[in-house]
Amino acid sequence: MTETATLEPPAARTLPLDVESTRNDFPIFRNRSVENPFTYLDNAATSQTPRQVVDAVEAYYTQYNANVHRSIYAAGEEATEAYESARERVGSFIGAGDSHAVVFTRGTTEAINLVAYAWGRLNLREGDEILLTEMEHHSNLVPWQLTAQQAGASLRFIVEACFSEKTRIVSVIHQSNVFGTINNVHKITSLAKSVGAVTLIDAAQSVPHLHTDVSALDCDFLAFSGHKMLGPTGVGMLCGRTELLDQMEPFLAGGEMIRTVSLDSSTWNDVPWKFEAGTPNIAQAIGLGAAVDYLSHLGMETIHRHEAAVTEYALEKLEEMPEVTIYGSAPERGGVVAFNVDGVHPHDLSQLLDRDGIAVRAGHHCAQPIMDKLNVSATARASFYLYNDFDDVDRLTESIASSLEFMS
Amino acid sequence: MDDLRELYQEVILDHNQNPQNFGRLEAATHSGDGYNPLCGDRLSLTLDVRGDSVNDIRFSGSGCAISKASASIMTTVVKGKTVVETESLFDAFHKLVTTGDAGDGELGKLAVMAGVHKYPVRVKCATLAWHTLKNCLSGKNEVAKTE
Ligand SMILES: Cc1ncc(COP(=O)(O)O)c(C=O)c1O
Chain A
11 MTETATLEPP
21 AARTLPLDVE
31 STRNDFPIFR
41 NRSVENPFTY
51 LDNAATSQTP
61 RQVVDAVEAY
71 YTQYNANVHR
81 SIYAAGEEAT
91 EAYESARERV
101 GSFIGAGDSH
111 AVVFTRGTTE
121 AINLVAYAWG
131 RLNLREGDEI
141 LLTEMEHHSN
151 LVPWQLTAQQ
161 AGASLRFIVE
171 ACFSEKTRIV
181 SVIHQSNVFG
191 TINNVHKITS
201 LAKSVGAVTL
211 IDAAQSVPHL
221 HTDVSALDCD
231 FLAFSGHKML
241 GPTGVGMLCG
251 RTELLDQMEP
261 FLAGGEMIRT
271 VSLDSSTWND
281 VPWKFEAGTP
291 NIAQAIGLGA
301 AVDYLSHLGM
311 ETIHRHEAAV
321 TEYALEKLEE
331 MPEVTIYGSA
341 PERGGVVAFN
351 VDGVHPHDLS
361 QLLDRDGIAV
371 RAGHHCAQPI
381 MDKLNVSATA
391 RASFYLYNDF
401 DDVDRLTESI
411 ASSLEFMS
Chain B
105 MDDLRELYQE
115 VILDHNQNPQ
125 NFGRLEAATH
135 SGDGYNPLCG
145 DRLSLTLDVR
155 GDSVNDIRFS
165 GSGCAISKAS
175 ASIMTTVVKG
185 KTVVETESLF
195 DAFHKLVTTG
205 DAGDGELGKL
215 AVMAGVHKYP
225 VRVKCATLAW
235 HTLKNCLSGK
245 NEVAKTE
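One line per chain: the protein sequences are A and B, in this order.
Residues in the first sequence are numbered from 11 upward in steps of one, following our numbering.
Residues in the second sequence are numbered from 105 upward in steps of one, following our numbering.
Keep in mind that the hints were calculated from the coordinates and are not lab data.
Source: prediction; values computed, not measured.
No residue lacks a Cβ here, since even glycine has one placed at the ideal position from N, Cα and C.
Hints should not be assumed to be uniformly reliable.
[What the hints assert, rightly or not] Residues on chain B that point at chain A, a partial pick, calculated with CB under 10 Å:
#, residue
1, 112
2, 117
3, 120
4, 125
5, 145
6, 148
7, 168
8, 169
[What the hints assert, rightly or not] Distance windows between CB atoms, simulated:
#, chain 1, residue 1, chain 2, residue 2, range
9, B, 135, A, 43, 51 to 57 Å
10, A, 336, B, 195, 39 to 45 Å
11, A, 288, B, 209, 56 to 62 Å
12, B, 183, A, 165, 44 to 50 Å
[Stated by the list, open to error] Output of the computed footprint for chain B on chain A, the stretches with three or more beta carbons under 8 Å from beta carbons of chain B:
#, stretch
13, 361-374
14, 377-391
Given only the sequences and the hints, what does the whole structure look like? Please build it.
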């Protein structure tokens, strides 16, 4: 593309997805109007929910509401079938193969805690090292701090330390929820392998936006959340190598995860059920199944190209504003843009943008260490998804301009 | 954006751009820090208390317009007040920003912060400086937190 081509007005460019028809699938957008707009740019926090997902959740509650794996009647069997079919579809969405097991969790946070606790208790000893990056979300940092303390292990960060024979696990964020940086996790998993370390990928920000294949990434564990990928809240997944999950003791204990129980001891159910104690979030899991069907139907490659085009346009437009500072400039990046506006604190900015129906995030984005390192206490953050378009970016920059005026 | 003018009054924008008593006192008798863990706002107060009166006060830190203006206005108001008077102002101010009730005039120019009560998430921005002041004066050495 030539220089002038990149400055063409958005109307002259086309987006891979038909945003108008996509938005029609989302009740929250259909319920808005020109007078009462909703420009949702906080997708890194949570995504909106299409009708297809709401319908799947509703069908469970209105047609076959029953507990799974224990009810010997038609509704119970239907619920079990729907729940297990959702597991199957979500698993194949991320390329889980025969050597993988997929465990439903409450989300990324629970999935990481599961590994930090159950894998950590089995494998970490005094002097061992846990390798992370400095840009981890708190949910891939704090669980390891607790585990390290208990085991006498220590935390290392990829910037300062390297892979060594002391490294027992490498747990890294795939796509940064602050800067959009896409880390080369494949390189990290192969380095980890060369020293015999186990790997976990925090894929909370990547599975919703990038075609993901756990087999190709060659990681041992992968964690993500349903609510960031058009699914309901309260459900997510841990995909792990069956061999490792088999060795681990349970994380939570109770019903569902046992095979036999006597007053003194118990034996465990097979993986993945061994890690699903108690009644799971059945409706939510079924909803997540519908979400991956929806995403697969649009195609992850198409979604990625769509977001890349919107993000590129947003970066261009924001860079044109002299008052705006953008944080992060990784060449490989996703649809997340952290920025600040001179003279307008991000909280004030977010409050002012809200007047125009624009939702952005303001704060430290659960990544305080990296913010401290950059010496910023807070930033604004716009993050895009498949229903955003060039007009949303124009509304954002226009509203930033009027916020600047308002505050001066 | 008209209803937002009620929150962001001219006086608040002025204090945000030209904060009063900004900096640190070299010879402080009391000092303390405030921190809002949710949004990362930080604030430091230094005070010179003589007898039972606030003789001088400075604030520094980073935060949104509401927290900065609130701190700035607070410093201008409590200067010269007794410790007991600032405690009663704290209560009146807290009531103002949570209910909009400006009381019987005791609040004076603090009343410009009344608009905050319509924005519950901003209450902690407006009260950070006040919680920090309360901790300072009661000799508590902990970081004041609003959440
Ligand atoms: C990179 C990253 N990891 C983990 C999480 C935690 O996800 P959840 O809150 O759904 O458990 C998030 C969500 O904010 C995230 O962005």
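Residue 169 of chain B as an interface hint toward chain A, with CB separation required under 10 Å: With Cβ-Cβ at 5 Å, under 10 Å, it holds.
Holds or violated: is the Cβ of residue 112 of chain B closer than 10 Å to a Cβ in chain A? holds (7 Å)
Quick check on the hint: residue 168 of chain B CB to chain A CB, less than 10 Å? holds (4 Å)
Could one say that the CB atoms of residue 288 of chain A and residue 209 of chain B fall in the range 56 to 62 Å? holds (58 Å)
Evaluation of the interface hint that places residue 120 of chain B against chain A, nearest CB under 10 Å: holds (8 Å)
Coverage criterion applied to the stretch 377-391 of chain A (partner chain B; beta-carbon cut 8 Å; 3 residues): holds (count 4)
For the stretch 361-374 of chain A, do at least 3 residues have a Cβ located nearer than 8 Å to some Cβ of chain B? holds (count 6)
Quick check: does the Cβ-Cβ distance between residue 183 of chain B and residue 165 of chain A fall within 44 to 50 Å? With a Cβ separation near 46 Å, residue 183 of chain B and residue 165 of chain A satisfy 44 to 50 Å, so the hint holds.
Supplied distance hint 39 to 45 Å, evaluated on CB atoms of residue 336 of chain A and residue 195 of chain B: holds (44 Å)
Once the shortest beta carbon distance from residue 125 of chain B to chain A is found, is it less than 10 Å? violated (19 Å)
Can the hint on residue 145 of chain B be confirmed by a CB-to-CB distance to chain A that is less than 10 Å? holds (7 Å)
Using 10 Å as the Cβ threshold, decide whether residue 117 of chain B counts as touching chain A. Holds. Min distance 6 Å.
The structure is inconsistent with the numbered hints 4 and 6, although it conforms to all the rest.
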